[in-house]
Amino acid sequence: MTDWLNFLGWTILPQLVTNWVQIIYYRLVYYAGANIPKPGQPKYELHRRRIFVVVVLSYLIYTIVDAVYSIKPNYYDELKINQDFTIKEIKANFRKLQLEYHPDKNQEEGAQETFIWLRAAYDTLTDPVKRYAYDRFGTEINNWNNCSILRDYLVNGLASFLGFYIGTGLVLFILNVLGKGQFGRFWRLVVFFAIACLEASMILHPKPPVITSLFLSRWAIFEQIIILRQLFITTFIAISQVGPMLFPSDEIIISPSLANLETLSRIAVEESKNQLRASFQPFQGNITAQKELEKKMESLLVETFLYQNDPELNKMYSQVYQRVVKRNKSQ
Numbered sequence: 007m008t009d010w011l012n013f014l015g016w017t018i019l020p021q022l023v024t025n026w027v028q029i030i031y032y033r034l035v036y037y038a039g040a041n042i043p044k045p046g047q048p049k050y051e052l053h054r055r056r057i058f059v060v061v062v063l064s065y066l067i068y069t070i071v072d073a074v075y076s077i078k079p080n081y082y083d084e085l086k087i088n089q090d091f092t093i094k095e096i097k098a099n100f101r102k103l104q105l106e107y108h109p110d111k112n113q114e115e116g117a118q119e120t121f122i123w124l125r126a127a128y129d130t131l132t133d134p135v136k137r138y139a140y141d142r143f144g145t146e147i148n149n150w151n152n153c154s155i156l157r158d159y160l161v162n163g164l165a166s167f168l169g170f171y172i173g174t175g176l177v178l179f180i181l182n183v184l185g186k187g188q189f190g191r192f193w194r195l196v197v198f199f200a201i202a203c204l205e206a207s208m209i210l211h212p213k214p215p216v217i218t219s220l221f222l223s224r225w226a227i228f229e230q231i232i233i234l235r236q237l238f239i240t241t242f243i244a245i246s247q248v249g250p251m252l253f254p255s256d257e258i259i260i261s262p263s264l265a266n267l268e269t270l271s272r273i274a275v276e277e278s279k280n281q282l283r284a285s286f287q288p289f290q291g292n293i294t295a296q297k298e299l300e301k302k303m304e305s306l307l308v309e310t311f312l313y314q315n316d317p318e319l320n321k322m323y324s325q326v327y328q329r330v331v332k333r334n335k336s337q
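Using this note's numbering, the letters of the sequence shown map in sequence onto residues 7 to 337.
Please note: incorrect hints may appear among the correct ones.
Claimed, not checked - In silico EDC-like pairs for lysine to aspartate or glutamate, Cα to Cα no more than 20 Å straight-line:
#1 LYS97 with GLU114
#2 LYS86 with GLU229
#3 LYS136 with ASP158
#4 LYS86 with GLU119
#5 LYS94 with GLU119
#6 LYS136 with GLU114
#7 LYS213 with GLU229
#8 LYS136 with GLU95
#9 LYS136 with GLU84
#10 LYS78 with GLU146
#11 LYS302 with GLU318
#12 LYS102 with ASP129
#13 LYS78 with GLU119
#14 LYS86 with GLU106
#15 LYS86 with ASP129
#16 LYS213 with ASP90
#17 LYS136 with GLU229
#18 LYS213 with ASP133
#19 LYS97 with ASP129
#20 LYS136 with ASP83
#21 LYS102 with GLU119
#22 LYS94 with ASP110
#23 LYS86 with ASP133
#24 LYS94 with ASP133
#25 LYS102 with ASP83
#26 LYS102 with GLU114
#27 LYS94 with GLU106
FYI, nobody ran anything at the bench for these hints, they're computed from the structure.
My request is simple: use the sequences and hints to build the entire structure.
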């Protein structure tokens, strides 16, 4: 449900907020009776583009921050230990929390659920196989029945991994077929496959990649994956919206020139037709002149054809032409 609301937000909010901000901006900047830019005017469109870019980038930052802070506490957080904990540390912390939330000693509402949650966290993190699976797939592993060895968890986890990327790839393909989000589509596909390979490495490799260890070490691997996916989706939605405004494509730039060129070509064709009709106007109604014209045009057509396709005739014609030119000069 949250993903659909996020998508709906990206579809509606940027345009809506841009309209509001532009109205407020004009009320603050332009005094009453001033020449306020109107829709369709270059200045109005320039202001709208700038406001829209600021709104989209602000919303992008908000969605990324919201995605980070909406991540619920993981098992490590609940047991108040680091990811490189020792057995002594986890046992000591679990013992303290167990005494604090034990149903016999804590009658507050939710204490029993917290106690059960802490027990599941302790059992998972002290089991090497379950801990490896939890680090990569989160609490989703609790719904995978009949998993006892690492291979079982990886099979279930990779099925979820493939489902996400196949579904996302299908959406990108459909958008490409429909001609939507064309801006930056090459790099979108490159980053899409790069993140898929990075996530596969994060799942299969015992240690997380260096790039995620540097910037996302605070979170567990499955939380890093959530952040990367959200970052990919929201960033490219934002780019597909602001990209055409910041970097107009060549098609958008040259389309008015092409339209003008097409119009001029049509005018030239019509003018040529009119001149041709005017040239043949004197021959209308004069049968004798028309027949004489047909003979001359037929003779001219034959000569032109021979001149273009017979090299020997072309050579002879050039020689005769040069002799005639010399004769005229001597006279």
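Against the structure, the hints come out as follows:
no. : hint               : result
1   : LYS97 with GLU114  : 24 Å, violated
2   : LYS86 with GLU229  : 17 Å, holds
3   : LYS136 with ASP158 : 11 Å, holds
4   : LYS86 with GLU119  : 17 Å, holds
5   : LYS94 with GLU119  : 25 Å, violated
6   : LYS136 with GLU114 : 30 Å, violated
7   : LYS213 with GLU229 : 15 Å, holds
8   : LYS136 with GLU95  : 19 Å, holds
9   : LYS136 with GLU84  : 17 Å, holds
10  : LYS78 with GLU146  : 13 Å, holds
11  : LYS302 with GLU318 : 23 Å, violated
12  : LYS102 with ASP129 : 16 Å, holds
13  : LYS78 with GLU119  : 16 Å, holds
14  : LYS86 with GLU106  : 14 Å, holds
15  : LYS86 with ASP129  : 15 Å, holds
16  : LYS213 with ASP90  : 12 Å, holds
17  : LYS136 with GLU229 : 16 Å, holds
18  : LYS213 with ASP133 : 17 Å, holds
19  : LYS97 with ASP129  : 11 Å, holds
20  : LYS136 with ASP83  : 17 Å, holds
21  : LYS102 with GLU119 : 16 Å, holds
22  : LYS94 with ASP110  : 25 Å, violated
23  : LYS86 with ASP133  : 18 Å, holds
24  : LYS94 with ASP133  : 14 Å, holds
25  : LYS102 with ASP83  : 14 Å, holds
26  : LYS102 with GLU114 : 17 Å, holds
27  : LYS94 with GLU106  : 19 Å, holds
Checked against the numbered hints above, the structure breaks hints 1, 5, 6, 11 and 22 and satisfies the rest.
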